[in-house]
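Undergrad: Keeping their order, the protein sequence lines are chains A and B.
Note that the working numbering has the first sequence beginning at 1, numbered continuously upward.
Note that the working numbering has the second sequence beginning at 1, numbered continuously upward.
Think of the hints as simulated: they come from the structure by calculation, not from any bench.
Do not take every clue at face value.
To be verified - Pairs of lysine to aspartate or glutamate residues, derived as EDC-like cross-links and limited to a Cα-Cα distance of at most 16 Å, are as follows:
| # | chain 1 | residue 1 | chain 2 | residue 2 |
| --- | --- | --- | --- | --- |
| 1 | B | Lys-152 | A | Glu-321 |
| 2 | B | Lys-79 | A | Asp-266 |
| 3 | A | Lys-48 | A | Asp-90 |
| 4 | B | Lys-167 | B | Asp-85 |
| 5 | B | Lys-154 | A | Glu-421 |
| 6 | B | Lys-146 | A | Asp-266 |
| 7 | B | Lys-158 | A | Glu-421 |
| 8 | B | Lys-87 | B | Glu-67 |
| 9 | B | Lys-133 | A | Asp-266 |
Said to hold, decoys possible - Far from chain A, by Cβ distances over 10 Å, these chain B residues were calculated:
| # | residue |
| --- | --- |
| 10 | Ala-92 |
| 11 | Glu-113 |
| 12 | Gly-124 |
By construction, the Cβ of each residue, glycine as well, lies at the ideal position given by its N, Cα and C atoms.
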Amino acid sequence: MKKIYFSMIVLIIFMLISTNLFSQKEVVIKLKDGVSHIPIAIPVFTLKNNSEKNSKYRDIIHKTVWDDLRYSRVFQLIPQEHYSYIQKFDQNNINFKDWSSIKANILITGNVEISEGDRIVFSIKVYDCNSEKFIFGRNFGGKPEFIRLISHRASDVILEYFGEKSYFTTKIVFVSKRDGNKEVYIMDYDGKRQRRITYNDYIELLPSWSRDNEKILYTSYRKNNPDLYMFHLYTGRTELLASRGANISADWHPEENKIVFSSTKDGNAEIYLRDMGTGKLKRLTFNRTIDTAPAWSPSGREISFTSERGGSPQIYIMDAEGTNIRRITREGSYHDSSAWSPDGTRLVYVSRIEYRFDLYVYNFKTDTTIKLTEDSGRNENPSWSPDGRHLIFASNRNGRYQLYSIDYDGRNLIKLTSRGENETPDWQKK
Amino acid sequence: MKKLIIIGILTLSLLVFFTACGKKVKTEPVEKPVVKEVVEKVVKAEKPELTEEEIFAKKSLDEINSEGHLKEVYFDFDKYVVREDAKSVLQANSEWLISHSSIGFVVEGNCDERGTIEYNIALGEKRASNVKKYLVSLGVPANRVKITSYGKSKPVVKGVDEASHQKNRRADFRIVKK
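Model the full assembly from the supplied sequences, consistent with the hints where possible.
TA: Written as structure tokens, this is what we have:
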């Protein structure tokens, strides 16, 4: 079971890499922030061998693809109601003028087939309505238990065709108290398939992904002290990485086999670099005040972090060697939890004003800051989506801490969790 | 040896009791006091041998911790300096610690919820660290004190008012060695 799952993920990662190579050249044409969305129509998928069970599969796949593409902010989905104004969709005789008439530029059709051995085969065909041409088609298959993965993979391929970075098969790791104790959980990017990872019965904090997405770094109090551990998802093995002092906020280097984290092992919270091959530690900050919450820039050449050296917690950036330290936040008296957008142009962080925590995004290019959340309790621990158009964070805006997704411009707030209290999400980088 | 005597007396008395059963009731009151006296004597003999230290040694760590010998101290919002009102508490704590020289303990720093998870871990650690420094300045050997921080993940009160926040901005003491 685990092997199948693992090999599927390896396959997906391989597919992601190979398809991304293709799409790189196309990035330029399509979309930038503010560019109008591509209008697409996705009529209900056709179904070979109709049955109640099979039509249920078909509906799940359609809804998942629909939700993925709507979430992307790349497409504008023509509402289903509009499809009734035109002739009923017929795969063998597509009337492109009809689809153009309801303002669809792209038509995505799909067929769901349940083959022998209860295997789902999902095929998509993508058409350009204006030139009335077939653009491309792809098949996706697997057991019904992977139905959401099959759907997300199809959405990924569609998104990639339009030159975008795909992320519908990525996962989010977080901490939940739903079983009475702070434990580590993972879920799909859309909040589905939430499942528990650790069973320690101690407090667990601030989990984050390794760059290969096969390991989770987190802090656990299993020995009555905040020690740093690494959990291997596919073997179940747990490794102790740091146990002297308080060890938190591990972040894996974008390419190399090393992490940064915060530790008080020398008597004060400082930032350390750990070579994951040799286990060697290198101290990066030397300061009598608190230095914590380090985060790699996507290039791996810089590290953002929180420091109290100016009298209050502020966001700073240093070079990867610990040199050339400069302050980023100018206003306000309390900032923490910085994270870089995947393209390295923006930095999100939490700012406390009158005991409310809100998310702010600083743009390096324009030297401007925007406020992402507004007057709604405490919003904490933001993490970027792999494409930089979305962020996930924890908020107690409705009483208990839950995870929410919000877009880069403060739109499309979506609540992703509801059981127990949930906090500190970390989204896979790819 | 004493035990053997008691068992002997007990079995003897039982034998007498059973043989006496059905005969005369009068024999009973004669036998009973004998047993009582012996038991009392044994207890009396053991009690003086237990010193205060020995009683202490018999207790579990949980029992000692629940007796609250070491009082928690509180901090100002966003601050980690040892407050004036905390100093007298720490003075009392240090006296108890000095008179109980075998005790090893952990100072646990805690924060209220109005801080981020990351910063609060560091802040709680600073609070614990300053408490340790103050205790050491009062003569508690540094090697008996460990520190840790729970940040905001171990509140004692759930409330959102200042009184609740104040209760959560604290350093606790947990005895781990006696």
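Undergrad: Hinted pair, alpha-carbon criterion (16 Å max): Lys-167(B), Asp-85(B). Please report holds or violated.
TA: holds (14 Å)
Undergrad: Between the alpha carbons of Lys-152(B) and Glu-321(A), is the straight-line distance 16 Å or under?
TA: Violated, because 31 Å separates the two Cα atoms, which is more than 16 Å.
Undergrad: Could you let me know if the closest chain A CB is still more than 10 Å away from the CB of Gly-124(B)?
TA: violated (8 Å)
Undergrad: Non-interface claim for Ala-92(B): all C-beta distances to chain A beyond 10 Å?
TA: holds (25 Å)
Undergrad: Is Lys-87(B) close enough to Glu-67(B), meaning Cα to Cα at most 16 Å?
TA: violated (21 Å)
Undergrad: For a C-alpha distance cap of 16 Å, please report whether Lys-146(B) and Asp-266(A) respect it.
TA: holds (13 Å)
Undergrad: Below or equal to 16 Å on CA atoms is what counts here, so check Lys-158(B) against Glu-421(A).
TA: holds (14 Å)
Undergrad: Checking the smallest CB distance to chain A, is Glu-113(B) really beyond 10 Å?
TA: violated (8 Å)
Undergrad: Does Lys-48(A) pair with Asp-90(A) here, judged by a C-alpha cut-off of 16 Å?
TA: holds (14 Å)
Undergrad: Are the Cα atoms of Lys-133(B) and Asp-266(A) separated by 16 Å or less?
TA: Answer holds: Lys-133(B) to Asp-266(A) is near 15 Å, not above 16 Å.
Undergrad: Are Lys-79(B) and Asp-266(A) close enough, with their CA atoms no more than 16 Å apart?
TA: Given pair Lys-79(B), Asp-266(A) is violated - Cα atoms ~21 Å apart, limit 16 Å.
Undergrad: Holds or violated: Lys-154(B) with Glu-421(A), Cα cutoff 16 Å?
TA: holds (14 Å)
Hint compliance for this structure: hints 1, 2, 8, 11, 12 are broken, all remaining hints hold.
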